[in-house]
Amino acid sequence: MNGAVATTIIVAGLALAGYALLMTALNRRMNVPLLAAVGVLEILLLVQVGIIVARLAGGERPAGLATLIGYLIATPLVPVAAAVWGLMERSRWGPAVIAVAGLVAAVLMVRLHQIWPVIHV
Amino acid sequence: MSEPTAPPEHTASRPGSTRTGPGRLLVAIYGLFALSACARAGVQIATKFSHAPVAYLLSAFAGAVYILATVTLAAGSPTARRIAVLSCSVELAGVLAVGTWSLADPATFPDATVWSSYGSGYGFVPLVLPVFGLLWLRRWTRRPKTQRTTATSAEDAGEAAGF
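Protein sequences, first through last, are from chains A and B.
Using my numbering, you'd call the opening residue of the first sequence number 284 and step up by one each time.
Using my numbering, you'd call the opening residue of the second sequence number 21 and step up by one each time.
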């Protein structure tokens, strides 16, 4: 069940990174479609965090609980921080920041799986 | 490239600040590495320090250097730029030294640091990042010359600016 969400996040994160890098290459600034895509990524990440929290609430525990909780806190902050920092930039480098957030979201899913293998990717 | 006393430029003739333009991207990536290196080192030191003390202390040191680079690049004042050049130089030296050390003496590193094997666990970003940081900071030190000698001369500038 949670494998589908994580896979979607990886695909969406990489697609967002590709789109944002294209915007950088085309010398475009931050725009509404890009922000909307960041919003979609944020919702997907929150769903994934919710799934993991539900498993924790159900009594399951990973070996590295502290690390996992750190990831659960940091993960939803990534698109928000990138959006704020990117919107402050009025050049092509705003979308470049968003590209980093997309790549990081994909990497985070792999790392979550490494921390707690029951989280499928 | 050996004059440490470049006159303090004002922002009018330069790209706004070290945090704008490409610097926006650099600060974002530095911030990411500052967070991940520090959080990782913090958990490792708190939970299993004796397992690999050298690796964990080096991770903590790397995290501190990343924080310094993030803050100084984001601040962008002349003093902050000098500290940023210094921290990028330390970072480059660190990733090269620790990368070599981790390959030559794997027994000291039963667990990886950010800089092990030249940052291969992090897609070699730790190796590339200080180079781009120094290239970016060079805009405020001197007019760019040939690309070939950039990294070394920027590092020289960093050492000179540190005194």
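FYI, nobody ran anything at the bench for these hints, they're computed from the structure.
Just so it is clear, the structure is predicted and the values come from calculations on it, not from any experiment.
Watch out, some of these pointers could steer you wrong.
To be verified - Label pairs and their calculated CB-CB ranges:
1. Gly286(A) with Gly143(B): 39 to 47 angstroms
2. Val315(A) with Gly62(B): 34 to 42 angstroms
3. Leu116(B) with Ala319(A): 37 to 45 angstroms
4. Phe144(B) with Gly347(A): 32 to 40 angstroms
5. Arg312(A) with Phe69(B): 40 to 48 angstroms
Positions of the beta carbon are idealized from the N, C-alpha and C atoms, including for glycine.
For each hint, the structure was consulted:
Judged by the Cβ atoms, the range 39 to 47 angstroms given for Gly286(A) and Gly143(B) is violated: they are separated by roughly 24 angstroms. One distance hint, 34 to 42 angstroms for the beta-carbon pair Val315(A) and Gly62(B), holds here, with the actual separation near 38 angstroms. Under the hint 37 to 45 angstroms, the C-beta atoms of Leu116(B) and Ala319(A), about 42 angstroms apart, fit the expected range. Distance hint check: the CB atoms of Phe144(B) and Gly347(A) are about 25 angstroms apart, inconsistent with the given range 32 to 40 angstroms.
Distance hint check: the CB atoms of Arg312(A) and Phe69(B) are about 47 angstroms apart, consistent with the given range 40 to 48 angstroms.
Of the numbered hints stated above, those contradicted by the structure are hints 1, 4, listed in ascending order.
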